[in-house]
Amino acid sequence: MGMTMAEKVLARASGREVVRPGDILECSVDQVVQVDLSFALMDKVPTRVKSPEKISVIFDHSVPAPSVKDADGMAIARRYARKFGLKLYDVGRHGICHQVIMENAIALPGTLLACGDSHTCAAGALNCAARGLGDAEILHAACKGTAWYIVYPTVLFELEGNWGEWVSGKDVLFYIADKHGDFVNHNLEFNGGAVEEMILDDRHTLATMCTELSAEFVMFPADAKLLSYLRERTDRAFEPVSSDPDAVFESVLPIDVSDIEPYVALPHSVPHNTIPIRKLDRVRIDQAFIGSCANGKLQDLSAAATILKGKRVAPEVRLIVTPSSQEVYLEAVRLGYVSTLVEAGAVITPPTCGACFGHHMGVLARGERCISSSTRNFKGRMGSSESEVYLASPASVAASAMTGYIVDPREV
Amino acid sequence: MSGTSWVFGDNVDTDVLAPGKYMKSGIEELARHCLESVLPNFAADVRPGDFVVGGRNFGAGSSREQAPEALRHLGVAALVAVSYAGLFYRNAINLGLPAIVCANAGRIRAGDRLNVDPEAGRIENLSTGESLDCEPIPPHLAQLLRDGGLMPHLEKRLARERGIRS
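In order, the protein sequences belong to chains P and W.
Heads up, the first sequence is in our numbering, so the first residue is 42 and it goes up one at a time.
Heads up, the second sequence is in our numbering, so the first residue is 33 and it goes up one at a time.
If you are wondering where the hints come from, they were derived from the structure by calculation, not from laboratory data.
Backbone N, C-alpha and C define an ideal beta-carbon position, used for all residues, glycine too.
Be careful, since some hints might not be right.
Stated by the list, open to error - So the derived label-pair ranges between C-beta atoms look like this: (1) 139/W <-> 42/P: 48 to 58 Å; (2) 147/W <-> 203/P: 55 to 65 Å; (3) 237/P <-> 145/W: 48 to 58 Å.
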């Protein structure tokens, strides 16, 4: 009986030949990533670390510091990184951690990565078994080099068919949320011809958003596209994993992407709460946001610029755009996306998680409504508990910013 | 352990348990706003030893430990739910807050008095006389809970290692 991708990584990391769903394992973690927010909130900083070369510190949640507490946290993090010689992605060399993890090949195929942010399964797009851990566990992983994992059953999604206009990984996720709801206590694996066609950015979006279905590990194949991306970014050796032909999946769910159209998630949750935008009555918006670990990538700014070129954001709407890293920001400047978006009336913020978690750079007032390309629509997520967040792809957000109400991008 | 149950539905998320805007106000203040957007009187009226009961996907969302920490701070003795988002489940256990998986959690009504044995995986509903089978907490995690969570567990382990060395 063979193993799935995630099972293979967990078997290696726990020093076992075989692991099966239900096993609880103590695993050696290959990479540990710590973020600024943890340092602002925690009362303990490690006095020893296990393997400094395996730890990165990335500033993303509160950049640049909007409060003294945030600034103090970053000062603590800088001293910590300096003391142990850790790789530090400080302000100006930073980005949302999952983007930085990808751009700098901190996540590698076949490895196990732990990070203190919930959207860590994003790195599954790089064939890396990654999941978010709480602060206590991240400290444990930094100090001892290990973390505990439960092996969960795996569900395989086979994506085939042709991609429709303005249909992206975000829409696939909402389609899955509509048809199947959450995937609590399950690993997910994606493959098929339609996955092969996806660019890496879009796979990364889909992997990131699986957090909203409460999935555990999310794994994508290490194909030629991924390997050529990594070759440009690292010399480190790695060993990709693929599922055995006789791997045991709890279920195999085929998806024809030709059936998928631009989707929207309604307030205040994602599982079983998404519909095709076409079926939504006219919903007026106050704010449109393009950004976050899910959708602040180059592909996303490109989509927004394509839709908004020569157009204007509706007068009663504000459009906020947050590139997901300094690298993305600079490339978007070079390619002219930034000037197109500013000409249309957008505000561009520095890379940060800020607006997505209601911290800064786009907080919502009481009674306001936002269409957002970010990750979550929980009650009060982006500000007032009396505000509403609808989620959609960057193309749908850009189109909605233009019309002033939530609209299918194929209609503008 | 026995106490009164507070019942919530599916998809109770980390942001209603620990609202982002109070995250940096300290646990005292944060806990005062725990679940307020779905049940405004919860934090004021919950008593030490009470239980929080949920449906599917309890604790969906963020990695913030403050979500289970707020519940623990209010004195909640244990959680009972049909299922938990994995990250919340880990955080709860790591903070020493038992999270019990019970397929029949939906049979518990708000205000029911419960007697809960997390390690045996058994709930007695003292109000209805009903007994509910749950999944026992796995031994590896039960040990963490007995030590009071991951940090006390790690401190114990480090102390033991130091003892061996000296």
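We went through each hint and held it up to the structure:
Remark: the range hint 48 to 58 Å for residue 139/W to residue 42/P is contradicted by a beta-carbon distance near 37 Å. The beta-carbon spacing between residue 147/W and residue 203/P, approximately 58 Å, falls within the hinted interval of 55 to 65 Å. Taking 48 to 58 Å as the suggested C-beta distance range, the pair residue 237/P and residue 145/W conforms, at roughly 57 Å.
Hint compliance for this structure: hint 1 is the single one not met.
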